[in-house]
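Novice: Listed here are the chains, written in short residue letters.
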Amino acid sequence: MPVEIKPYPLEFTVAFTAYFILCIVLGIWAERRTTSLKEFFVMGGTAGSVAMGLSYMATQYSMSTFMGVPGYVYAIGWAGLAISCVNAGLGLMVPGLLVGRKVLSLGRKLGFLTMTDYLAHRYHSNLLRGIIALLTLIYIVPYMGAQCIGAGVIVNTFTGAPYWVGVLFMAGLVTVYSALGGVRGVVWTDILQAIMMMFTAVVLCAAAVSYAGGFEKINAWLLQNRPGALSMPGEPWKTMTYPYYASQVLLWTFFTIGQPQLFTRFLFLKNQRALARAMIWGGIGFFISSFFVYIAGLSAAPVFKLSTAELDWVNPLIASYALPPIVGSVMMSGLMAAGMSTIDSTLIVTTGAVSRDIYQQILRPNASDSSVLALSRVAAVVIGAVAFIFALMRPALIFTIILFVFGGMGVLVPAIVLGLYWKRATREGALASVIIGEIVLIFLTSPPAELKPAVASILMGGHPLLLSSLIALIVMVVVSYATKPTPREILSQYFPE
Amino acid sequence: MSSTEYPPKPWLVVPKEGWKRAWYLILFIYYVIPLWPDVPFFVWQKYIPGPYGIPIFVWTYAIYQIVGLILLAIFISYAKKRGMFSEGVDE
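So the sequences go chain by chain: A and B.
Take 1 as the starting number for the first sequence in the working numbering and just add one per residue.
Take 1 as the starting number for the second sequence in the working numbering and just add one per residue.
Hints were generated in silico from the structure; no laboratory data involved.
Using N, Cα and C, we set each Cβ at its ideal position, and we do this for glycine too.
It cannot be assumed that every hint is accurate.
[Unchecked claim] Once the Cα atoms are required to be at most 20 Å apart in a straight line, the calculated SDA-like pairs of lysine to any residue come out as:
1. B/Lys80 x A/Pro325
2. B/Lys81 x A/Val477
3. B/Lys80 x B/Ile26
4. A/Lys102 x B/Arg82
[What the hints assert, rightly or not] Some residues of chain A that are not near chain B, with every Cβ distance over 12 Å (derived):
5. Glu39
6. Met93
7. Gly96
8. His124
9. Pro142
10. Trp237
11. Leu275
12. Ser290
13. Ile295
14. Val440
[Stated by the list, open to error] According to the in silico footprint, chain A covers these stretches of chain B (three or more CB under 8 Å from chain A):
15. 15–22
16. 55–68
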């Protein structure tokens with residue numbers, strides 16, 4: 001079977017245009033209700049359970065879920081499905097119970113609009129605010145760029161249009177509806193995108209299994225040609241070991257707490273009961289999206305022979321060969337939706353870093369909300385343009401960029417969690433934890449060539465974030481004990497007597 | 001303010017209420033099962049075909065996730081009755 005995708009520019013353009021118009025309409029509709037800063041950044045604190053659950057899932061799952069991981073499952077076999085196992089139950093439950101309930105209450109009481117608002121207030125430090133705003137820009141803008149790379153490649157492949165057209169389409173569309181409608185526009189489009197993602201996952205799975213002749217034929221082929229793909233830890237990359245599985249559980253549940261685009265979702269909620277129900281909605285979304293789309297990846301193995309460099313293309317190939325052109329085009333819109341629902345949230349977060357955290361809270365404390373709202377819209381356009389340029393440069397593979405970003409923000413988790421649970425956590429402890437954690441993470445991610453074997457043996461196959469966070473946690477505890485406790489007037493707001 | 005007012009609490013995130021502790025333990029054990037090396041839950045080391053030719057452990061993946069969701073729903077329902085998700089309670 002050839003691996004070239006069959007282009008169908010007309011159907012693809014029609015499906016994409018319809019989908020994009022729908023997103024713009026939602027953005028314009030949301031814009032009419034976005035008249036204040038609180039509306040722009042946290043939807044006025046009015047989000048219900050369905051909006052929260054589906055939006056959280058759509059934001060956490062990105063293009064990597066629909067392109068990168070199915071390719072990984074194609075490569076290692078059924079063992080790869082283990083990655084999806086925990087998110088249904090734990091994806092939103094762990095962050096929701098650990099920080100969501102507290103952050104929701106504190107956000108209402110103290111008027112938080114961003115994750116940095118919380119950290120800067122809890123540790124009464126504008127320096128920490130500045131550092132985290134800067135980290136948000138450094139890490140999250142490339143994350144947005146990474147999603148646009150996928151869009152550029154897809155549009156190029158399916159229509160023959162230059163790569164930059166897809167990047168511009170994706171970055172431009174998201175920037176327009178996010179700048180217009182703020183978080184309300186983002187959440188409404190997220191719901192649409194989450195539904196698209198679930199629908200796409202199920203249809204791609206059915207199409208792949210059917211195209212390959214059914215499960216029995218797929219497994220018979222695997223048994224004959226790649227028997228290792230039918231058991232753990234997978235073949236030819238024997239990666240799904242217990243330590244790797246454990247590290248994935250931690251990464252995609254506990255360490256999502258440090259991702260500002262997910263953390264701020266707890267500030268959108270209207271009440272605690274909505275959070276409770278959102279855990280179920282999010283879980284259903286996580287399950288349907290990942291489980292079926294990962295099965296699709298391996299089901300294509302008997303019919304498409306892909307090299308390692310072509311693994312990301314397994315789902316576009318299924319859409320191209322196993323479905324009628326118009327249905328395949330809708331499926332590709334679903335893949336793009338996975339990227340868009342991530343970019344829009346990160347765009348709002350980075351906008352907040354500029355207009356709220358740096359401008360209003362550090363440079364111009366007296367700036368009015370209306371001027372900050374106007375600046376937010378301008379900042380959204382500028383940041384969207386920077387992400388567009390980043391995607392044009394294509395400095396690395398999508399998944400490499402995403403893992404780097406995930407680690408960079410994950411280092412904040414000790415400061416976030418201890419701030420909520422440990423009275424003794426101090427400003428100096430948080431600052432030291434964040435700074436040293438980031439330095440250690442960068443060192444472990446890109447060690448000097450002569451130290452690479454030593455670092456690899458220390459990490460034992462785990463993500464560098466795990467060790468970096470452990471060190472950040474130890475630093476935070478030691479420095480907190482060595483420094484003056486947080487003033488009572490601040491603590492009393494977090495730990496009422 | 002002396003440090004004795006803030007004793008170290010390594011169990012910081014462990015709830016005080018017994019019912020909540022019990023539920024967290026149930027959920028913890030449920031999600032730790034696949035990590036237990038001697039109990040290869042969805043990790044049967046060889047291919048065993050199940051209904052519709054789908055390997056048994058793929059069925060187990062699906063059932064595991066659905067049961068996890070049901071457990072979560074029961075926990076949330078119970079926790080709501082105990083006031084865990086009421087405004088101003090246990091925040």
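Novice: Would you mind marking each hint as holding or not holding in the structure?
Specialist: Evaluation of the provided hints:
Between B/Lys80 and A/Pro325 the CA atoms are separated by roughly 48 Å; this puts the pair beyond 20 Å, and the hint is violated. For the hint linking B/Lys81 to A/Val477, the alpha-carbon distance of about 36 Å lies beyond 20 Å, and the restraint is violated. Restraint check for B/Lys80 and B/Ile26: satisfied, since their Cα atoms lie roughly 17 Å apart, inside the 20 Å limit. With a C-alpha separation of about 17 Å, the suggested pair A/Lys102 and B/Arg82 falls inside the 20 Å cut-off, and the hint holds.
Residue-level check passed: A/Glu39 sits 22 Å from the nearest beta carbon of chain B, beyond 12 Å. Consistency note on A/Met93: stated as away from chain B, yet its beta-carbon is not over 12 Å from all of that chain's, at 6 Å minimum. Some Cβ of chain B comes within 12 Å of the Cβ of A/Gly96; the nearest lies about 10 Å off, and the non-interface call is violated. With a cut of 12 Å on Cβ distances, A/His124 stays outside the contact zone with chain B, its closest approach being about 15 Å.
Separation of A/Pro142 from chain B is adequate, the least Cβ-Cβ distance of about 32 Å exceeding the 12 Å criterion. Every beta carbon of chain B lies more than 12 Å from that of A/Trp237, the smallest distance being close to 16 Å; the non-interface claim holds. A beta-carbon of chain B is positioned within 12 Å of the beta-carbon of A/Leu275; the least distance is around 7 Å. Residue placement check: A/Ser290 does not keep its beta carbon more than 12 Å from all beta carbons of chain B (closest about 9 Å).
With a closest Cβ-Cβ approach of about 7 Å to chain B, A/Ile295 is found to fall inside the 12 Å limit, against its non-interface label. Here A/Val440 stays apart from chain B, with its beta-carbon at least about 22 Å from theirs, past the 12 Å limit. Coverage of the segment 15–22 of chain B by chain A is violated in this model, with 0 residues showing a Cβ closer than 8 Å to a Cβ of that chain against a need of three. For the segment 55–68 of chain B, the proposed coverage by chain A is satisfied: 9 residues have a C-beta within less than 8 Å of a C-beta in that chain, meeting the threshold of three.
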